[in-house]
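If you're matching them up, the sequences are chains A and B in order.
No gaps in the numbering here: position 100 of the first sequence is 100 in the numbering used here, and each next residue is one more.
No gaps in the numbering here: position 199 of the second sequence is 199 in the numbering used here, and each next residue is one more.
Worth flagging that the hints you see were computed from the coordinates, not collected in a lab.
Small disclaimer: the values here were computed from a predicted structure and weren't measured.
Watch out, some of these pointers could steer you wrong.
Unchecked claim - DSBU-like cross-link-like pairs, simulated, lysine-lysine; straight-line CA separation at most 30 angstroms:
1. A:K270 x B:K8
2. A:K268 x B:K134
3. B:K244 x A:K260
4. B:K22 x A:K270
5. A:K111 x A:K126
6. A:K37 x B:K173
7. B:K144 x A:K311
8. A:K37 x A:K284
9. A:K37 x A:K203
10. A:K203 x A:K270
11. A:K270 x B:K134
12. B:K135 x A:K270
13. A:K111 x B:K22
14. B:K244 x A:K284
15. B:K244 x A:K248
16. B:K173 x A:K268
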Amino acid sequence: MDDSTILNVMNLTCAFHTEDGVIKAVDDVSFELKKSKTLGVVGESGCGKSVTALSIMRLLPQPAGFIQSGQVIFDGQDMVSSPHEAMYKVRGRKISMIFQEPMTALNPVYKIGRQISEIFAIHFGKIDGKERYDRSVDLLQKVGIPDPDKRMNEYPHQISGGMRQRVMIAMAIACEPEILIADEPTTALDVTIQAQILDLIQKLQSETGMSVIFITHDLGVIAEISDDVLVMYAGRVAETGSVSDIFKHPAHPYTKGLLKSIPRLDNKSKTQLPVISGMVPSLKDLPEGCRFYNRCPDARKKCKKMPHLEKIGENHMAACHFIVKSLL
Amino acid sequence: MEYLLEVKNLKMHFPVYGGIFKRQTGSVFAVDGVSFEIRPGETLGLVGESGCGKTTVGRAIIRLHEPDGDVLFMEKSIKDLSGKALVDIRREMQMVFQDPFESLNSRHTIGEILEEPFIIHNAGNLKFRQQQVKKLLDLVQISKDAINRFPHEFSGGQRQRIGIARAIALNPKLVILDEPVSALDVSIQSQIINLLLQLQNEMNLSYLFIAHDLAVVKHVSDRIAVMYLGKIVELTDAARIYEKPLHPYTRALLSAIPYPDPDIKRKREILTGDVPSPLNPPSGCSFHTRCPNAIDFCSQEEPALVAGPESNGLEHLVACHLVC
Chain A
1 MDDSTILNVM
11 NLTCAFHTED
21 GVIKAVDDVS
31 FELKKSKTLG
41 VVGESGCGKS
51 VTALSIMRLL
61 PQPAGFIQSG
71 QVIFDGQDMV
81 SSPHEAMYKV
91 RGRKISMIFQ
101 EPMTALNPVY
111 KIGRQISEIF
121 AIHFGKIDGK
131 ERYDRSVDLL
141 QKVGIPDPDK
151 RMNEYPHQIS
161 GGMRQRVMIA
171 MAIACEPEIL
181 IADEPTTALD
191 VTIQAQILDL
201 IQKLQSETGM
211 SVIFITHDLG
221 VIAEISDDVL
231 VMYAGRVAET
241 GSVSDIFKHP
251 AHPYTKGLLK
261 SIPRLDNKSK
271 TQLPVISGMV
281 PSLKDLPEGC
291 RFYNRCPDAR
301 KKCKKMPHLE
311 KIGENHMAAC
321 HFIVKSLL
Chain B
1 MEYLLEVKNL
11 KMHFPVYGGI
21 FKRQTGSVFA
31 VDGVSFEIRP
41 GETLGLVGES
51 GCGKTTVGRA
61 IIRLHEPDGD
71 VLFMEKSIKD
81 LSGKALVDIR
91 REMQMVFQDP
101 FESLNSRHTI
111 GEILEEPFII
121 HNAGNLKFRQ
131 QQVKKLLDLV
141 QISKDAINRF
151 PHEFSGGQRQ
161 RIGIARAIAL
171 NPKLVILDEP
181 VSALDVSIQS
191 QIINLLLQLQ
201 NEMNLSYLFI
211 AHDLAVVKHV
221 SDRIAVMYLG
231 KIVELTDAAR
241 IYEKPLHPYT
251 RALLSAIPYP
261 DPDIKRKREI
271 LTGDVPSPLN
281 PPSGCSFHTR
291 CPNAIDFCSQ
301 EEPALVAGPE
311 SNGLEHLVAC
321 HLVC
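The task is simple: from the sequences and hints, build the whole structure.
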């Protein structure tokens with residue numbers, strides 16, 4: 001791990017106890033997050049992108065979810081094995097998170113002001129109420145909320161979805177964290193509001209130099225905001241590389257299929273789109289070997305054996321038996 | 001018959017009650033004077049942000065609401081229909097809903113769900129109905145053993161296919177698609193879009209395609225209407241709206257779409273602020289509060305939806321003082 005890496009996830013496997021036994025939602029996932037860069041994590045529902053984020057924060061739903069194996073190295077320490085008390089000092093202070101649905105992430109019975117200043121009370125116990133209030137107002141101003149003094153005394157239901165997401169971002173950056181994990185922060189928002197929020201996150205990143213893990217299913221957002229990209233499929237990493245690797249030279253058949261199947265503005269209207277046939281396999285009932293086996297146009301006998309991530313370019317890795325051969 | 005559907009000055013105001021006597025204190029102007037036509041075999045895309053009234057338009061056309069204004073279907077007004085006449089007209093226009101998890105009755109088997117339209121409209125005997133159900137499943141590419149299974153056994157994409165099968169069961173002329181793909185995963189979206197295009201070809205369906213995703217709407221539509229706060233602000237050919245958007249709102253909407261190509265860093269026209277409340281829409285042009293080019297006059301008079309410049313006989317309607 002060199003100096004430019006701030007977070008290193010190694011062979012992370014997370015599982016859930018369910019009625020059908022233990023199900024691995026994330027299986028052997030490894031990636032690095034570089035300092036002041038944005039890592040975009042993309043995949044369909046159930047691919048394990050949110051579970052990966054939650055396990056970095058050690059916030060998997062208890063008691064069902066647990067980290068089966070692997071390491072998350074941050075600040076020279078393995079966070080998987082660090083005690084709960086140590087995590088309190090990391091969460092919100094050094095790594096913070098914003099969620100998809102700001103209405104459920106904010107507490108509906110407390111005023112916005114109280115919810116923001118609570119962070120200062122937790123992480124900087126010494127400062128007094130007046131200063132906490134002033135700092136909260138500053139924060140709201142920083143994330144572009146008009147009339148911050150008035151908003152401090154309002155409840156979450158009184159403001160719009162875009163404003164709520166701004167409040168969430170204000171809370172997340174309150175302690176100037178080193179890493180911001182954004183889990184589908186714009187999925188619930190309209191496109192014009194999404195553009196505002198993406199802009200805000202990029203602006204804050206350039207000001208504070210924080211690193212961002214941006215989780216979404218929207219490839220357009222990924223292309224726009226990421227430096228590096230991690231493509232996940234059914235709990236495993238299918239492909240990872242720089243944003244131009246992924247969009248210009250996709251290697252994994254899943255990435256290729258996904259990029260081809262989205263309708264684009266310059267497509268010819270009313271033509272059949274190329275599709276990935278079938279659907280994502282259930283985690284309860286995964287195909288043997290490569291998880292993309294049953295949908296892959298190039299699947300062959302060898303794919304019954306699980307492919308591992310292999311290097312195909314400087315930072316470009318893919319988990320498929322065939323590309324690796326063809327490119328080398 | 002030039003037009004299959006004509007919507008004329010459609011208005012849908014929902015009353016808001018308040019105070020201790022629950023008197024009407026105001027109205028939500030969900031749809032405020034919308035007019036458009038759909039030709040046979042055509043797809044009209046209706047786009048806009050949440051709260052702009054696009055879903056209400058769809059529901060009002062099919063008379064799930066009681067709107068003001070007029071709706072002509074096959075040159076007959078459906079505004080005052082009731083009883084049997086209304087049931088009959090609904091046979092010709094059907095709806096597919098956004099959320100495939102809520103639009104199918106979870107206590108009915110797929111067979112029962114697909115058979116119901118035939119029962120309601122008294123179409124054929126049991127044997128015929130069962131045949132039709134199998135045909136429908138074939139048409140939407142779902143295996144026949146689905147007949148005895150329940151909706152919860154299917155994924156979102158499959159349920160949306162079943163919802164589509166139910167809508168086309170009685171060979172309708174018009175299908176209103178209310179955000180049919182927005183609840184689905186990316187790789188499933190393209191499958192459903194293809195299915196819709198294929199069915200349209202085979203059955204000569206007309207679609208009113210309601211969605212907020214402009215790239216999807218562009219792909220399926222012949223013409224596109226852009227809505228903002230209960231009004232249509234621009235209406236033209238699908239290709240033209242991307243090549244030559246005239247209304248500042250359309251332009252901002254188009255520039256806000258993230259494009260899946262990292263080399264294209266477009267200059268964004270980012271709109272400030274939120275969509276105003278339809279409870280109390282701004283005076284004059286309802287977009288003037290967010291419009292980058294607004295002048296004083298915009299807040300005084302409401303612009304009409306008229307033919308824009310350089311339309312050269314093409315239909316290109318726009319509602320903006322500064323363009324026309």
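For each hint, the structure was consulted:
1. A hinted pair counts as satisfied when its Cα atoms are at most 30 angstroms apart, and K270 of chain A with K8 of chain B qualifies at roughly 27 angstroms.
2. Restraint check for K268 of chain A and K134 of chain B: the C-alpha separation of about 33 angstroms exceeds 30 angstroms, so the hint is violated.
3. Between K244 of chain B and K260 of chain A the alpha-carbon distance is near 26 angstroms, which keeps this suggested pair within the 30 angstroms criterion.
4. Using a Cα cut-off of 30 angstroms, the hinted pair K22 of chain B and K270 of chain A is violated, with the two alpha carbons roughly 50 angstroms apart.
5. Between K111 of chain A and K126 of chain A, the direct Cα distance comes to roughly 22 angstroms. Compliance with the 30 angstroms bound is thereby established for this hinted pair.
6. For the given pair, K37 of chain A sits about 52 angstroms from K173 of chain B by alpha-carbon distance, which is inconsistent with the 30 angstroms threshold.
7. Under the criterion of a C-alpha separation no larger than 30 angstroms, the hint pairing K144 of chain B with K311 of chain A is inconsistent with the structure, at around 44 angstroms.
8. Between K37 of chain A and K284 of chain A the alpha-carbon distance is near 35 angstroms, which puts this suggested pair outside the 30 angstroms criterion.
9. Taking the CA atoms of K37 of chain A and K203 of chain A, the gap is about 13 angstroms. The hint holds against a cut of 30 angstroms.
10. For the hint linking K203 of chain A to K270 of chain A, the alpha-carbon distance of about 38 angstroms lies beyond 30 angstroms, and the restraint is violated.
11. Between K270 of chain A and K134 of chain B the alpha-carbon distance is near 27 angstroms, which keeps this suggested pair within the 30 angstroms criterion.
12. Restraint check for K135 of chain B and K270 of chain A: satisfied, since their Cα atoms lie roughly 25 angstroms apart, inside the 30 angstroms limit.
13. A threshold of 30 angstroms between alpha carbons decides the hint, and for K111 of chain A with K22 of chain B the separation of about 28 angstroms falls inside it, so the pair holds.
14. Proposed proximity of K244 of chain B and K284 of chain A is contradicted: the alpha carbons are some 49 angstroms apart, above 30 angstroms.
15. For the hint linking K244 of chain B to K248 of chain A, the alpha-carbon distance of about 28 angstroms falls within 30 angstroms, and the restraint holds.
16. Restraint check for K173 of chain B and K268 of chain A: the C-alpha separation of about 25 angstroms stays at or below 30 angstroms, so the hint holds.
Checked against the numbered hints above, the structure violates hints 2, 4, 6, 7, 8, 10, 14; every other hint is satisfied.
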